[in-house]
Each structure stands twice: as structure tokens, then as C-alpha cells.
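Build the full structure now, drawing on both the sequences and the hints.
In order, the protein sequences belong to chains R and U.
Residue 312 in our numbering sits at position 312 of the first sequence, and the numbers go up by one each step.
Residue 64 in our numbering sits at position 64 of the second sequence, and the numbers go up by one each step.
Honestly, I wouldn't trust all of these hints.
Facing chain R, a subset of chain U residues (Cβ under 7 angstroms, in silico) [unchecked claim]:
| id | residue |
| --- | --- |
| 1 | D55 |
| 2 | R81 |
| 3 | H93 |
| 4 | G112 |
Honestly, the hints are just simulated from the structure, not real lab data.
We put the beta carbon where it would ideally sit given N, CA and C, even for glycine.
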Amino acid sequence: MNFSDFPRMAARVLVRHPARSSLMLLAMSIGVAAVVVLTSLGESARRYVSDEFASLGTHLIMVSPGRTETSGVGPSMFAGDTPRDLTIADASAVARSPLLGDVAPMVMGQANVSWGGREREVPLIGTTAALRRIRHWTLAQGRFLPEGDPERDSGVCVIGAKVRQELFGPRRALGEWLKVGDRRCRVTGILAEEGRSIGLDVEEVVILPVAGVLALLNRPSLSRIMANARSHELMDRASDEIRAILKERHQREEDVTIVTQDALLATFDRILLALTYTVGGIAGISLLVAGILIMNVMLVSVSQRTSEIGLLKALGAPRDEILRLFLVEATGLSLAGAFLGLLLGILSRLAILRLYPVLPLTWPIWAILAALLTAFLVGLGFGVIPARRAAALDPVAALSHH
Amino acid sequence: MIKLRQIERNFEVGDQIVRALQQIDLDIGEGEYLSLMGPSGSGKSTLMHIVGLLDHPSAGTYELDGRDVTGLDDAAQAEVRRSKIGFVFQFFHLVPYLTAAENAELPLVLSGVDPAERRARVAEGLAALGLADRSEHRPDQLSGGQRQRVAIARAMVASPSVLLADEPTGNLDRSSGSEVIHLIEDLHTNRGLTLVVVTHDPEMGGRAKRQIHMIDGRIHEDNARDSA
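Structure, rendered in C-alpha cells:
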């Protein structure tokens, strides 16, 4: 048989059994579409998170109180469970390092905020003017916290756009006095709406001087210190220096955890990549199901076409040509299903983009290739049993089969 | 051209051995017209399957055109079937989803003849059997006689030297049956085709010059041998 006659004969079989073929096409295309769409969503989530991190600035170092260790015997084992407080003075000492640009102490909590009889519970951030530069926040109106001694509470606050809307409605907020917990502060700025970063909806927060929030929440320790290394190359040295400064200040005790943004991003990246693979793998199960369906339908087809196979043998088709014919049929069908599935995937992508225009939906090329390859292998793999059964038929028995 | 020596064919049915063919010695010359007759179960179909290389004898040797084909492997046997043997069956065995032309084309496809030549030879073959205007019809759009003519066109398209016809009229009414048998006989007369017709119908078997009667897996009567 000519090479080109295999696909030609297979195509004829498939086209002239439309019900059977479309059933298998449907199963295969749904499987492929699922793999492509789900991995694409996973990959998009990964990109989204990376972009968010990048928006924080790439030289970021975060210092939190207490030492997190997953293994080994660290000094904190002997120091007991309560770490030393991370103080504003610590932050100021760190800020004197020439390796660091901006350094912002941060304390976070919740408090009731009220104005003119309206009250809401909102997340509070106590910090200094440096945080705005670290996080690249912009203001819709007014000014951010003033520069100056971080130990002093200047009695001002900056509010998120949503807080402004809910407390003040259409009225002017700038210059008004807010009641935050048992303290009062004057609104000097309103954050622009675009600021949304990981774990924090900037539209909903109230930002006050760090000293004020520590007093308000009655806390001895900062939640963390955020610092910017002067350059990406200085990150490691800067981390070491922060560790050394704080060790010096904490009675030679290493009791802080320092995380660089790179490390954090790498962790998230690994998690999300694993997630993408997992989701893709789960979708791959639907490809297997499609393969089993193909095998099933092909087995039925072989027994329905027994006398046809007997005839082909009588006409001089050797065993391996019969085998190849059925394999070409199964793989051809799988590949056709796969391409149909890609088309389905493209359509779903357009639909998703319509519903969620902000999602940076990408097509991982590896997922598309993997889906096509899997579809091909599934067709081949699950085609083998029916094809072998067809090839092994005894011509005399097959011819007398009705 | 066909030389069978001491052919045996045994089937195992449960724990019993059925001896379908016993001690068959048979020579068929080129261009001979021969009928194999006998009641059902006499072994005539089994003998035809062995001559057509669809079945292997349990013992004995088979020579075709001077070549021992008894022990050939599957691929080599298939090659012999493609090039030398044509089959016509009682139930036509047309592929239901293929048109008449596509059915008749199958042996050429299997032989790897290129498509342009295939079309020409199929058109010629169908025209010779009066089916030129039926080539795009599916089997279910054809009468029984037309179907068997498509099957004959298919059997002949690769120009075999032997035509094996197994009850070729068994599923046809009288008039299309006689039409079909005349077509086959014409092929024998005009092309010098070796023709073996398997039948239980004495009237049709009687048309052949050489008549072999089989009973219980043995050649009971062979008018060529008896007269010789």
C-alpha cells in the first residue's frame, strides 16, 4: 500500500461514519481544550503574581520579628519563644546603612474609624513617608505622611479611596478630623485607586504615622521593616548588614527573619508552577478518558467491521497493514480532535477575556504542544488494542461473520 | 499450476478433532474450469480456502506456479493473494460505506498502484461488466446482481490468474444468477482465467468441464481423473 493511502482510507472510514467519529472527536476535543485552558489559566495566575511582585520594586527586603527556622537548632531555641521586639529605633538604625535606600517601619492592625456618625472597621497601617516610595503609591489628593522623626505622631492620616467614599460620600475629606480608635487624626491625603498589591487592598486602608498606631494598638513591636536595597546586586550584602545591625542591637541574638523579594517571588513561582502542572495533569485525565472512549468505540468498530477486515485480508492485505490502517484511524481521529480542542480553547480564551479583561491570559506553548502530543499518543496507545485485534482476525472466520 | 499433495486439514472442536480434508491430491492446470461440489460439510469450502491461501493445511504441500507456498508467512501469502488470486463470495462482501468504484479499487490500493492508474483500471473494469453508470453508488443502492458484478470487477481488477468463486449465485435470483455465471465464464473463455466454482447446485456445477465431488473431506469423484 502507498503511504498516502493509509490516511486516505482512514479519512473515508471516519467521514462516512459521522455519528461515531463526531462522538470521539467531541471527547478528544474537550480533553485537549481542558488542558489548554486550565494550564493557560495557571500560567496566567503565575504571571499575574510575578507582575504584582515586580510592582513592589525588585530590591525589596522584608524584616519580621522572630526567627523562622524549619530545621536545625538555632539560637532562638535557647532564647525561648518570645523574640525581642522590633522597634522604631531598630528601623532607624537599619536606615543608616549606606547599602539601603528607603527603609520603612510598619505596624498593621484593625481599628474602628468614624466620621460624622459613620463608622467602619478598617485595616490600619502605621508607617513613615518612606513606604510610599517603596510601594510606588500615588495620591489622588493631598499629601502622604510627612517626613520627619518616626518616633513622633504627627496626628495626620492618609485614607484609601473606598474609605473616603464610604465615610465622606460626596463631601470633602481633606482637612477633616477622623476618629481612629480612641485617637484623632487629620486627613491629609487620599490614595489613588489603582494601588492594589499582594495581600492588601490599598483602597480600604487608613495609613497613620507608625508611632501613633503602636500607641493606638498598644503594641510594643513593629510588624515588619520594609527596606529597599540600593541596587539588585547589593541585595545579599544588604540583607547581611541588616542582620548584623539587628544582632548587634538585640544582645547578639539573631531573632529576626529576613526575606528578600527574590526569594519570595521564587517560592510563589514554584508553587504556582506546580499548581499549573497539577491542573494540567488533572485536565490530562480527561484526555485519558477520551482515549478510553476511542478504544471502546474502535473495539466496537472492529467487531462490526469483522467481515470487512476479512475481505481486506482475502484481497491481500497483510496483518501489519491492517494494524497500521486502524492505528492511522485512531491517531488521525485523535489529532483532528486535538485541533478541534485547540479551536475550542481559543474560543474559551476569548470568552474569558471578555469576562475578565484584566487577566493577563497567556498561552504556554509547552501546554499546547503537550496537549497535541498527548492526544496523538493517546490515540496511538489506545488504538493499539483494537488494531491488533483487527490484524489478528482469521480471514476465513472473519469472512463468514455476519 | 496448482498442485496439492496429501493435504489434510483438521479442526479442533472442543476435545474432538474434525478431519475436514483428508489426503487431497489435486492438480489444476492453467486455464482450467473446474467445479467443486458436495453437500455442506464435505470440505469443499475448506479446500477453496486452502487453494486461496486464506487457510493453512495441517499437513501436505501446496505448489502454486511451481513455487511451494505451504509455509509462507503472512506477508508473503498476502502478496500471492494480491497478485494471483481473485475471490467472489456468496454474500458479495462489498464494503458498505464505499462506492462501487471504491470497492472495486481496493485490490489496487493494497497493491500500491498509484491513484491515476487505479481510476482508469477501475473505470475500465466496471464498464466491462456494464456498471459504468453505477460506479458512484453504494452497495445498498445496487441490486443483488449488480453487487455481485461489482465483486467480480473487484476480483478481476488486479488481473489474477485464478478466480475462486464460492457459491457465486447462492444469494441471487435465477436470472441475475445466470447473468453472473455467464460473466464469469466469459472471463474464463476470453482471458484464459483458471476458474474454480464451489457450489452445491448440481446444475451450476455441471456447467464446468471438470467436476469434482467431495464427501466427508475426500475427493469422491473427479471426472478428469476418472476419464483419464
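(message) Tell me the numbers of any earlier hints that the structure contravenes, in ascending order.
(response) No numbers; nothing is violated.
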